[in-house]
Each structure stands twice: as C-alpha cells, then as structure tokens.
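Those protein sequence lines, which keep their order, are chains F and B. Position 287, counted from 1, in the first sequence is what the working numbering calls 287; the numbers after and before it change by one each time, with no gaps. Numbers given in the working numbering equal positions in the second sequence, counted from 1, plus 1000.
Just so you know, not all the hints are guaranteed correct.
As the list claims (entries may be wrong) - In silico BS3-like links for lysine-lysine, alpha-carbon gap of 27 Å or less:
{"no.": "1", "chain 1": "F", "residue 1": "Lys55", "chain 2": "B", "residue 2": "Lys1055"}
{"no.": "2", "chain 1": "B", "residue 1": "Lys1055", "chain 2": "F", "residue 2": "Lys28"}
{"no.": "3", "chain 1": "F", "residue 1": "Lys58", "chain 2": "B", "residue 2": "Lys1028"}
{"no.": "4", "chain 1": "B", "residue 1": "Lys1028", "chain 2": "F", "residue 2": "Lys296"}
{"no.": "5", "chain 1": "B", "residue 1": "Lys1055", "chain 2": "F", "residue 2": "Lys296"}
FYI, nobody ran anything at the bench for these hints, they're computed from the structure.
Protein chains: 2
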Amino acid sequence: MAVYTHVDPDELAALVARYDIGTVVSCKGIAEGVENSNYLLETTGGRFILTLYEKRVKADDLPFFVALLDHLARAGCAVPAMIHDREGAAIQRIAGRSACVIQFLPGISLTHPTPGQCAAAGGALGAMHRALAGYSGARDNSMGHHHWRAIAAGAGDLDSVLPGLQAEVDTELDWLDAHWPAGLPRHVIHADLFPDNVLMLGETVTGLIDFYFAATDFRAYDVAITHASWCFSDDGKRCDQGRASALMRGYLGEVALSDAEIAALPLLARGASLRFLLTRAHDWIHTPAGALVTRKDPSPFLERLRRYRADDAAALFAA
Amino acid sequence: MAVYTHVDPDELAALVARYDIGTVVSCKGIAEGVENSNYLLETTGGRFILTLYEKRVKADDLPFFVALLDHLARAGCAVPAMIHDREGAAIQRIAGRSACVIQFLPGISLTHPTPGQCAAAGGALGAMHRALAGYSGARDNSMGHHHWRAIAAGAGDLDSVLPGLQAEVDTELDWLDAHWPAGLPRHVIHADLFPDNVLMLGETVTGLIDFYFAATDFRAYDVAITHASWCFSDDGKRCDQGRASALMRGYLGEVALSDAEIAALPLLARGASLRFLLTRAHDWIHTPAGALVTRKDPSPFLERLRRYRADDAAALFAA
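Only chain F is shown next, with the shape it has when bound in the complex:
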C-alpha cells in the first residue's frame, strides 16, 4: 500500500475547478488500493476519493470501470459513484496520470467478519449480481481460468516459495482444465471481493470498492472468490462453517443459483484459491525482501485449495 504520485496543490485546485464541488479544503494521500495513488479529498462541497491510475490499471480500461460504477450506482448498489465534471467527463488528467474523482463512502474494512457481517457481504454481492445480470459491458478476465497456466509460468520458481509447490500447481492446473465447466451464467463480476474491498458499519454494507479486477466470468466464480476470502482462518487451514453458511444465505436471498452452479462451487473455489496462490507467489518472488510493501504470504491460499479439494467440500457451501 503506497501513494506513488505527488499531486501539486495548484494542479489539484485546477482539477477541482472543473467540477461543481467547491474548492479544496484538504487532501491527504491514503493507503488504499495497492496499485493506484489515492487521496482523500475534502472540498467545500463534500468529501471524495481522488484516484490517480498508475501503470497496472490500463487507461484503455478506465471507460469500462466508469460505466460499470455508473451502472451499479444507478441500480442502487452500495458502490462509490464516479463524479462527472461540468462537461460530463469522469476521467481526467493530473500529474501525468489518468484520474477520477469518486464519491467518498463511510464504513471500515473488516479483518475478522462475524457471521452477520458475512451474510451482509453475501447479500451485497448478490444484489450486485442481480444488477449486472443484464448488463451489456464486458471485459476479458486477465486473472481468469484461461490465463492461469501463463501466470504460473511467469511467477518464477514456485518451489522457492514452498518445496513441491510447482508439482502441486501443475497437477491442479491439469485437473481444473479437465473439469472446468462451460455454460454457467456469466456477466461482469467483481472478482476480488475480499473483506478489504467491502466497507461496513456494524452489519450494514456501506460500500463495495476497488473494482479494478472486475471482468466477465461466471457469477458462481465470484461467489467462490468471496467464500474463499471471507470464511477461513488467517492461515487458510480452517473454514468457519458459521460464516460460510451465513455468506451463502445472504447471497442466495438475492440470487437463485442453479443446481449446476451449486455443484460447481467447490471446483470454482479451487480455481479461486489457485488464482490468488499464483498471484501472491508471483509478488512474493518479485518483491525485494527489504521493500516496505507488505508481501502477502501465498501459503494460506494453498491451504484453502487443499481444503476445497477434500471429498466433503460441497458441505462448505451449505446455506
């Protein structure tokens, strides 16, 4: 987590002047989002997040994200609205980067959600899926199933993370290729709905944030990602059935998954675990040990993968 780009106060004032949001009162770099520079911007007209997009978010993708958040906000989902300037533009340039001014939402990110909070998160995910079922936007999921072999190959020496990891990943990739389903309902999904990316107050979801991995994929795969990230102990070894059932109840109250989707959940969750195992392993191998960026240990996602591989894994998704 880091602010990479410094914003000059004069440039900031000129940017803010494009909008009907008053003048700058305060602007502080915040440690939110790993790949962008984020500022908490206060003006005489309210509070906003100013995001400067660094290299990982492609400028070409920005119109997709703006349209997606506009759509979700209009549909009444708890997402931060993109603010448009007087001429209707949401994407600006500042400090040599593309930038957006985004609605500030109250709420805090949880680290250890309760079952009640898992139910609320599941409900918010389901409500978002309902709003996206007929949505015409589309984006290739560059972190999706078809890309995992390439991500694994580019991650570096997996055995340097954990002896034997390369062989276990290869076996899993083969199995997933042989069994990955086709024909499940697909639309744009969040694809990264970890507790980090859900703002809550008590048991109320105040915002789903950080849509920069959003892409077209199975909606049930989004459920699997959320299950994997909300329902396990920190070490990934234990799935908390109370949290898992609450999450599924919350989601199924909004979206009626088909029998085929329900049956696919353990497999999709194996895929989700592998996806985060691989990207964390990549970052683990490529982040200098002395860097002040937190390297996230990949092994809890290997533990999840093993748990989802067990014969009784279907029970983890019982509502």
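Keeping the supplied structure of chain F fixed, place chain B upon it in accordance with the hints.
Structure of chain B alone, referenced to chain F:
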C-alpha cells in the same frame, strides 16, 4: 511514507469508546509522517488523526510532545490539539503501540509556496516562538549541532553519494565547531518546519504539524531551517529573494531578533543545511534501491550549504 501498522476494527472501536467522540464512521490509513502510522479517523463526533508511534518516536518522549501541543493549542497557535480521553489521558495503547488521537485540521501542504504564503509561514513560526519563549519544557536536540559529527560518522560512505562529499563535510564540521555561537535565545523549537509540515488554505496557515523533532535549540536556528526549506528552488541552487524576504518579514513581525541572532543566520543556515544533508545522505545510503519509500536526494542541501557559505549570504535574510 507508509502505514506500517494495521489497526483491527474491534480494537479501534474499543479505543474510541474511551473518548467522548462518538463511534467510528470511517478510518483510513494516510501517507503522512514518515515514521509513524497515521489514520484519518472519522467518528460521529468529528474528524481526527490517529497516530500510532513506531520505533523512531520513543515512548518516553510522548509526554513531552503532548505537553508541548497542549501548551501551543492553549496559547492559540495553529497546531492540532491532542484529544484527551474521559480520564484525561492523551497517550493510549493500540496494536502494541503507543497512540494518540489528535485534532484534524483542514489545509494542504504546499510544494511551491508564493511569497505571500512564505510570509504567513514566517508569521506562524514567529507566533509559535512567542508562545514558547517562557515555556518550561525542554528536550535535547538529537539532530542538533553537538550531534552532527556522530551523525556524519554513522551515515556511511558519504563519497558514495557524491565524490568528495566526505572532505567537504569534514571541513564544514570543523568550521561550524569553531564558529558556532553561544548565548543566543533558546527554547523549544519545531526544528523541521518544511512546507510538508505546514497546512495552509490560500495564504492562511491552518496548522503547523509533525512536532516529532521538536527540541530545545536557538530560536534563530529554527528560522534558519525554515529559510532553507521554504525559499530555494527544488535543486537547492537558487534562493528566491522574494520568498526569503517575505518569510523574514512575516517572522520579524512577531519576534524581534537581536543583532547577534541576525548576524548568526547565515552560519545557522549552513548548520541547518548540513543537518539535512547528513540525515538524507544516511537514508540514501541505507534505503534499498528497490524499496517503495521515496529516497530524498541529499544534494539540494549541499547546494544550499554552498549558497549560505557565499560572502553575500547575509543578504538572503534581508526582510
């Protein structure tokens, strides 16, 4: 700039419950202060900065900083007030660290101040010095003149930063030791009043912040530090006479420096330049090149040092 310590939401709620400031609405890590973890904390009662003190700020020093800010706030200076809990305590424990809840102040830090803003900063520095003239608190300046030789020795291979730097530093240390004044007015000073540490709205100072280098030293040395950090081009090669005169006018409108202090300013500014040259060189040598922390180039302070060494340096302090 980095947030080092994660605060658990439950621990945060328990901390906030000690105060009469309502309940948590939002809490975001902010990239302010290099050595502490800072959060912008919003509660139903207002907005605050929550600071967790990492290793560089010694727990033993915290009561000094709290008393200093309490004193300055009572004196009407534009500083963030320390918030005291229902039992009167300002220093708490959270996430294994000492922590304080501090008043949030509006304003933004400038990068390229105008003369009018320099005048305002000089005035705020002078008003603070008036409030501190009779203040009983005291703290050794671990970054002060008596420590520079040790700091230079511990910085590492200065010639690796710039060929010939070691010899130039040694010569300067000898000269400063031979000429450093005695008997100038002393009290607690800010000792780090860079533009980073002054919040402004337009030409109004809304807050002097980051007092963690505050210590007992010559008040004129504080003026010299502020002069060196507000009045030069980014590369340190050019002193802007308009900004410098404005800064001095602003300050002298609050504090009447003696002739001896005025005469000492170029020498004190050489010392100030050396102090930041040495600490930046230390960080430059000791920060891994791959780290995401911004290494501040030491050479602009070598340029300042050379400028203050010139025969006509006294003119740089003309109001």
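Cross-check of the supplied hints:
no.	hint	result
1	F:Lys55 to B:Lys1055	33 Å, violated
2	B:Lys1055 to F:Lys28	23 Å, holds
3	F:Lys58 to B:Lys1028	25 Å, holds
4	B:Lys1028 to F:Lys296	20 Å, holds
5	B:Lys1055 to F:Lys296	23 Å, holds
Going down the numbered hints, you'll see the structure goes against just number 1.
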